[in-house]
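Protein sequences appear in the order of chains A and B.
Counting from 334, one number per residue, gives the positions in the first sequence under our numbering.
Counting from 29, one number per residue, gives the positions in the second sequence under our numbering.
None of these hints come from the bench; they were simulated from the model.
In this text, all values refer to a predicted model and were calculated from it rather than measured experimentally.
Heads up, a few of these hints could be off.
Stated by the list, open to error - Listed below are several chain A residues computed to face chain B (Cβ distance under 7 Å; list not exhaustive): (1) Arg-748; (2) Leu-777; (3) Trp-862.
Where a beta carbon is used, it is the ideal one built from N, C-alpha and C, also for glycine.
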Amino acid sequence: MRVLGRTDRSGVGGAADSFGVDRGSTKKVAPTAHVVGLSLLFLIPGLAIALAIEWASATSHDEWALVLALAIAAVAGFGLWLPTTVGAQISTASVFSAVAFSWLACSMVGAVPYVAGSMFDLAHFDDAIFEAVSGFSATGSTVLSDIEANGRGILMWRQITQFYGGMGMVVLAVTVLPVLGVGGLALMSAEAPGTSADRLAPRVTETARMLWKLYLGVTVAVAALLWAVPGPGLYDAVAHALTTASTGGFSTYNASVGHFDSWLVESVIVIGLFVCGMNFTLHHRALRGDPRSYWRSPDTRLYILITLGAIAFATVVNAVATVVDTAGQVIEVSFAGALRDSIFNVVTLGSSGGFGNARGSDSLGNYVLWAPVLQIMLLILMVVGGSVGSTAGGAKVFRAQVAFVHAVRRLKRLRHPAAVLPIKLGSQRVPTEIAHRVVGFMTLFLMITLAGTVLVTATGAPLLEAFSASISAMSNMGPALGDAGPTSNFLVFSRPARMVLAILMMIGRLELFAVLLMFAAPCASIRRWASGQR
Amino acid sequence: MTSGSASGRFGQGHRKLLGRVRLPFFKSGAIFDSFRSRKPQTGRRLPVYRYAVGIVTLSAALPLAVSGLFAIGDGLRPTVVFLVAAAGATAGGMWLCRERVHAAKLSPVPALAGLTIAYLWLVFISSGVYLATGAFDRLDDALYESAVGAATSALTLLEDPAVLDDGVLVWRSATQWLGGFGALAASAALLPFLGGSREFADPRQRTARKAALASRPVQAFKRVAVIYGAVSVVVTVAFWAVGLSFRDGIIHTFSTVSTGGFSPYADSIAHFDSVAVEIVMIIAMLGAGMSLALVWMLGRGQAFEALRAYELRVFAIVLVLATGWIWWLTADSRSWFREAVDSAFSVVSLATTTGAWISDWGSWHPGAVTVLSIMLVVGGMVGSVAGGLRWIRVAGLMEFVWRELQRQLHPRSVRTVRVGRTIISEAAVDRIHAQLVFTMGAGVTGAILLTAFGSTVVEGVSLASSAVATTGPALGDGGTTIVTAADLSRPARLVLIPLMIAGRVALYPALVLAAVSVHFVTRRVTPTRVRRAMAVRRTR
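Same shape as in the complex, but just chain A:
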């Protein structure tokens, strides 16, 4: 895997003059506004699809909510996009601002159908924002106690938000805006999960297009397979394919995938989640006739081994241990049943999907009933997440590997103090700068998770629920442990706690740095403006 990504981030504004106007153009150089506007415009097709479904549905009438959202997206999108330009080169601070504000704006507009429709009343606008953030960050946590009570169009919009969030609106923007090619890789790196964005083609725009084509291809394949197996209709197949490819985890049913009670449906979703938890660059190479690239990639190798090992361990423990339901009754578990539920839950949590397959609240599909040792294992899987360059959340296998190897190197130094010990994954050498960035990321991940836990527990939430929900939010997983498990929802947390978790979701989805540095560009602008005034 070639590691690129940081080289073209160091640029400073090129073609724009000191008044912020692009030479040869009357447009204002405002990269953040430009990218935000474009991202909002990309919501229009999704909203239109949801609107069409809502209109066609006889059971609900939230069309005007979707029309309102569509209008806001169009007006705000064009209003920000048309009069602005990104300039010849985007500064690094603007990259982070553009990405973070795009997600924020999309989440705000994405919440409009929920609050304008019948899903939430205006007094619970914060719940609507939580649901939208959970969607765009491909997390899958919900505050809906009865999902099925909502209209099909609105629910499809909820699924579509995760589809957008899986690959990212900014990557989408890069596909169609050649002018972003200058800083496009930087934008993609800031948004795409992983340590960097790999080039699939010489042009960044082409790379982004390839990624989206792959993403669409996987989605269509999963939808076709789900439609082909008994159970889901076309609507359900598409709805679940959208959230499978994005490893989001939203479902149109209260019981999530458990609603279908079909091992075929579970198999398709497991395969979809597993594939989308792997690096999309490797999928591209495999499709080009190099399937061995999967095994050549150390983090993909480890991802596969971790998943298989966790499945084996969970199956054995579930088959052997006594599982007790919420009423204290022992659940009879066959080996086949243990294998089925272990595969589903390990893959869905390992790839940060977050689907539930509890067939009734007291089945083994509800992993909250599993033995404590397995719950710890699931927490670890949540934190580690999928591969870099995938749609999965979490800290990523690559980072966990680098952090571990980096630490072990210190032990080796005790025996060989003067030795030059490079950090290597397989035969691949990791540059020191990347290693430091990874270590910084992991440390920050831990610190933010702990800070989130402190804040959530301060609102009165129990420690287990607060800690696991913070991890789940940071890893964009969805359900947590305890009362916030897969058969429950995040209404168990207070409203301030839910806002904290929504912020964690956004931070986790944008890989920490973008959100933490989102105000760097505005602050720099204010400083420049203030110095100009003086």
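Once you've looked at the hints, dock chain B against the given chain A.
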């Protein structure tokens, strides 16, 4: 500078020192000088491990004798056991330390492995004493209680320690005192001279080279002994002054200055129901959780200099904020003073990894419990008796993260990591990160094993974290504090033993010993032919 010249220079210094000290096991102080040398080991194998075992054996002699004196009222058997053990420890220790270790031939690996072996030997001695006195019938129980003592943890096996004889109770606390002394000696007189976290060896950072605890290992070791002994005497007197009996004063001194947390009473410090005792405990725990270099400076009247220490300021701010936060969240109908003392006691007890308790903090507000759990893991100051990750390392990690954030904006800039006013090296940053990874790794491994042996998720994670930090108490199921290991399964207790010992030696030495052991076994098991083939392959 060559290792030979270094050895000669330090050798002279030690001859001067030893003219006054006359400790048989420091024949030349060479064991400490050797840590400056990186020269590979050649020729005959050095008796480092035997030396480590000998030092521990000799150190245990005095506490055994003191315990024997307390055991006089308990009957003939315990008295004889303690006195014979004391005599045996003296003779055995001197015999084990009879051979000098050459300075220039020692490397960090055997020294660190020797440190872990020393702790394991203390556990072995203590278990023997428990079994011989009849305090415990089962070997695993004796091993567990000994490990808890040596690791200065507080998660005792005994629901009511008062059932034990006085002599055994004193010895039980004395194991903590010895464990604390070992930790101090390692952190002040061993690890910094191994090229360890020298940046953090002295909390005053910039002035570290001018006025560290000592510039030479033996001098540092002597000062550790003097400070530790003096603090112990002061705390004992303070306990007597606030009304504790002679026995209780000694026992609580042993377990407080070592941040151990043992008490002869089932309800720990709540037994006394005395604000004065609690305040003395708070002050003593704070002293134990502070860097020894700072205590040394305070003792020399350099209070102003000591207060300028960055780590002290960080630690003080953390303690004040945590106390305020918990006080605010747990306010009830009691008087504000009582609430404040209660909050401060719990914060200080857990932040210094002592583990003594006066209230069931596990049942407090979840926000307070979370903060206390974090305090429990992070621990006290570097160079103190307290365990845990240490707040200065957290500060270093935060500075590192800030540097990485800045690098995101300015990728080509060259930035350093500062802790306080000191620039710390990249190697030190790497060490801190490695410490964090190993701490988390040990905690997660422990949690997995504990949950496999019957603990709940919260209980397993909390117990493992507490064991690695050598604190002791942990969160139980249903919002209570676990203060004894009586309810844990036997396998779970066996899991806690290595976690506590590894945590007490700050993980690195335990990992080194594990690696050395694996290497040793592999060499014994693998045929020479195979080993040669592997070596050739490695070379290629």
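Any hints from earlier that this structure breaks? Give me their numbers in increasing order, please. 3
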